[in-house]
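Enquirer: Chains as they are written, first to last, in our numbering: chain B, 5 to 465; chain C, 5 to 465.
Everything labelled a hint here was simulated from the structure, so no lab data went into it. Some hints here could point you the wrong way.
Identical chains blur together in the list; that is why a pair holds if it fits in one copy or across any two.
Derived lysine to aspartate or glutamate pairs resembling DMTMM-like cross-links, with alpha carbons at most 20 Å apart [stated by the list, open to error]: (1) Lys167 <-> Asp143; (2) Lys167 <-> Asp392; (3) Lys167 <-> Asp112; (4) Lys167 <-> Asp239; (5) Lys167 <-> Asp319.
These numbers come from a predicted model, not from an experiment.
Number of protein chains: 2
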Amino acid sequence: MTVTRSRTVEALLTALSHDLPGDCLSTGPEATAPYAADRSGSRPLGEPWAVVHAANPEHVRTTLRHAHALRVPVVPRGAGTGLSGGANAGTGTVVLDLSRMNRILDLDPHDQIAVVEPGVVTAELDRAAGEFGLRYAPDPASAAISTVGGNIATNAGGLRCAKYGVTRDAVLGLDVVLADGTPMRTGRRTVKGVTGYDLTALLTGSEGTLGVITAATLRLRPVPETTATVAAYFDTFAEGAEAVSALTAARLEPSMAELLDGPVLAAVDDAQGTDLRSRGGALLLLQCDGRAAGTEAELGAQVLRGRATSVETTDDPAEADRLLTARRLALPALERLGRVLIEDIAVPRSQLAAAVREITAIAQRHDVRIFTLAHAADGNLHPILVLDPDTPVIPDAAWQAAGDIFTAALRLGGTLTGEHGVGALKRRWLVDELGPEQYALQQRIKAAFDPHHILNPGKAL
Amino acid sequence: MTVTRSRTVEALLTALSHDLPGDCLSTGPEATAPYAADRSGSRPLGEPWAVVHAANPEHVRTTLRHAHALRVPVVPRGAGTGLSGGANAGTGTVVLDLSRMNRILDLDPHDQIAVVEPGVVTAELDRAAGEFGLRYAPDPASAAISTVGGNIATNAGGLRCAKYGVTRDAVLGLDVVLADGTPMRTGRRTVKGVTGYDLTALLTGSEGTLGVITAATLRLRPVPETTATVAAYFDTFAEGAEAVSALTAARLEPSMAELLDGPVLAAVDDAQGTDLRSRGGALLLLQCDGRAAGTEAELGAQVLRGRATSVETTDDPAEADRLLTARRLALPALERLGRVLIEDIAVPRSQLAAAVREITAIAQRHDVRIFTLAHAADGNLHPILVLDPDTPVIPDAAWQAAGDIFTAALRLGGTLTGEHGVGALKRRWLVDELGPEQYALQQRIKAAFDPHHILNPGKAL
């Protein structure tokens with residue numbers, strides 16, 4: 005078995021070293037080990053056989069054509085910042101690294117559209133759009149390090165989703181290479197369009213299992229004239245969650261509503277020398293944008309005042325940045341404390357406080373440390389399990405807690421992945437959410453794209 | 005051939021009359037003829053063999069289970085208001101009429117979600133949501149007569165799309181029955197969620213070829229506090245189109261920008277006794293909404309003033325309704341003049357004026373009458389061919405003009421269907437837009453859902 009696979013892989017490496025420039029192919033464990041895992045904290049067995057550093061779509065086509073013919077699994081990879089093991093690549097796989105394809109091919113301020121290669125770092129696109137008073141509205145917390153291709157592969161959410169939608173809502177069209185090396189263009193450069201099945205939406209969030217993205221046509225939107233920020237502290241996280249429900253009931257549509265629990269605030273304080281935890285057991289950061297941002301933020305503050313222990317409002321961007329720093333530094337602050345396992349459930353917005361109470365009970369039941377932050381305006385919670393930093397494998401109690409969190413999310417009418425994808429980590433629970441009929445149908449769709457099942461096997465579908 | 009088909013259909017009718025309540029099944033040409041065509045102006049050959057008036061999902065399952073086993077084509081149908089022949093059903097087909105499934109099953113103001121049956125009239129849902137200060141944001145011009153199920157089947161656009169998205173952006177989840185009668189639930193009740201392939205998006209716009217919708221979970225949004233309306237007249241339609249591009253360049257995001265050409269204004273005048281045509285060769289109706297609506301409308305008016313012959317602004321809803329009436333009555337006004345063939349191209353927003361010039365040239369070249377209106381903010385144009393009312397078949401010149409319009413749209417970077425779907429009318433051009441590889445892949449996806457190809461054959465895919 006090992007011999008057969010090895011011969012197949014040798015045939016592939018021979019073909020690739022013949023057909024690709026020398027600097028596009030890395031082999032040997034030292035070179036490939038850094039490409040074995042993403043940022044999820046999980047690791048596959050072994051290292052990939054090889055890494056192809058594609059510099060253009062032709063390299064992608066060549067790699068897939070040979071891999072398809074020889075039935076060798078290929079794992080597409082952007083910056084490797086994923087949090088679900090979607091880019092994990094162990095023994096027997098070839099990694100297709102797209103990070104060198106990092107050009108902005110077109111940025112059209114008249115059509116408010118950008119065409120980019122998959123390896124463009126998300127914040128770079130946003131910065132380039134900013135020169136025309138535009139922005140790429142999805143704002144993943146990882147924007148400074150993640151790539152557009154990875155954002156599309158996971159249909160990444162972010163801080164501004166409740167008002168502006170997730171990555172899918174900004175993707176108008178895709179250039180992809182199918183599993184057998186065939187290039188295909190989906191979608192359009194127009195705002196609207198409904199010709200045929202929406203393969204652009206189907207590919208978005210497919211985690212590299214249906215095709216490899218070589219370019220994306222993205223919608224840009226005007227940068228709002230004004231942004232106003234509210235910081236509100238609460239005694240408990242559940243009270244903060246209930247306050248966000250009250251904002252929804254008041255029919256406010258904030259562009260951001262980030263909620264952090266007390267343990268997260270304490271971790272940020274430890275890492276940054278701030279003094280947030282002493283001010284409350286939870287912090288809600290609310291932003292409103294547009295020409296009425298100040299009015300809307302004041303309305304939000306009125307709703308919060310009866311519920312929070314303190315409420316501050318600002319329309320000074322520097323002051324807002326200072327407030328947002330706590331949120332942006334939350335994950336690195338937790339990573340200092342131990343090995344993190346980041347969950348990513350979404351629940352109906354009215355169930356946010358109920359989900360918080362469930363998570364607290366689950367942490368006590370399994371005696372694990374869970375820190376929680378939430379994109380509260382769209383009901384997306386990140387319970388983050390922090391494990392012993394020296395633990396070599398994820399302990400059973402952590403898996404059980406994760407399973408209980410997913411079960412609770414489904415019971416509350418929610419979903420087990422809000423924005424990070426299924427990847428390798430959550431695959432065991434996938435059929436629980438989809439049900440057997442939909443799971444079987446999704447497998448048939450996978451086969452329609454990738455009959456030999458070479459694209460990122462063992463992830464998502 | 006006819007005998008074989010007839011025996012198969014007899015077997016199906018026997019099974020359906022045994023398994024369905026008597027009032028759910030209509031047969032005979034008098035009863036079925038009204039279900040042969042939609043509002044597109046096209047007609048199939050003959051009438052459907054039978055019409056099933058489904059009252060619940062079980063009736064849908066029963067119908068599909070038998071039709072699948074006997075390989076009889078089934079054409080799902082809502083209100084029959086489609087404009088592309090997507091619900092056309094000729095000899096040999098059975099129509100699955102969903103208009104009796106018209107209940108709003110749930111309307112949750114806390115989660116801002118509605119769960120509805122497919123036969124709910126879109127305006128009814130919007131009215132029900134309005135009791136909670138919410139609305140169903142997609143606003144097809146046909147909202148008063150079309151159903152939610154039909155809107156989803158075509159991924160209908162509407163007047164507020166540029167700011168609030170199309171139907172797809174409001175659909176969170178679907179209950180569908182697959183071709184073989186298997187029920188399946190896709191999507192979620194949460195704002196975010198990315199578990200598995202996005203079948204909700206794939207089914208939206210699939211024109212009844214992948215499954216039959218029995219319920220939809222829809223996102224509602226708050227009704228804006230204020231709406232402000234601007235009416236601007238231009239000498240020519242192209243000048244109006246250029247003015248809309250100038251609004252985009254000024255980074256305004258209107259909730260509506262409807263543009264009507266001079267011949268449409270004259271037709272409305274004839275039908276309604278108004279006096280619009282004398283005021284200009286084109287009318288732009290612009291709306292801004294939200295707490296800064298007045299400010300934004302004034303900014304829009306400033307951009308327009310140098311370009312338009314007259315500009316009027318109002319934040320009085322009654323006055324705005326009066327202005328919008330011209331737009332809403334445009335199609336009925338044209339239907340008085342002859343048999344209409346409604347095209348539905350979308351182009352990049354910067355190409356709107358170029359598309360208008362192409363359409364004018366095409367009308368002259370083929371000597372056909374073309375009236376044009378546009379959802380200008382998202383580049384969606386409706387060139388409407390008005391033919392002799394007594395013409396029994398669509399003349400070659402009209403088909404050639406339609407073909408030239410599609411070719412022009414593709415050349416300008418656009419798409420041949422903006423919001424009405426492909427249906428029966430535009431199927432001959434589908435492969436031109438998709439290309440052979442994507443067309444083949446879409447057929448494999450179709451086969452994954454509907455292996456016997458019974459669902460709405462001859463439409464879309």
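Enquirer: All hints are to be evaluated individually against the structure, with a verdict given for each.
Expert: So, going through the hints one by one against the coordinates:
no. : hint              : verdict
1   : Lys167 <-> Asp143 : both (11 Å within a copy, 18 Å between copies)
2   : Lys167 <-> Asp392 : neither (37 Å within a copy, 47 Å between copies)
3   : Lys167 <-> Asp112 : between (24 Å within a copy, 19 Å between copies)
4   : Lys167 <-> Asp239 : neither (27 Å within a copy, 38 Å between copies)
5   : Lys167 <-> Asp319 : within (19 Å within a copy, 24 Å between copies)
Of the hints listed earlier, those the structure fails to meet are numbers 2 and 4, in rising order.
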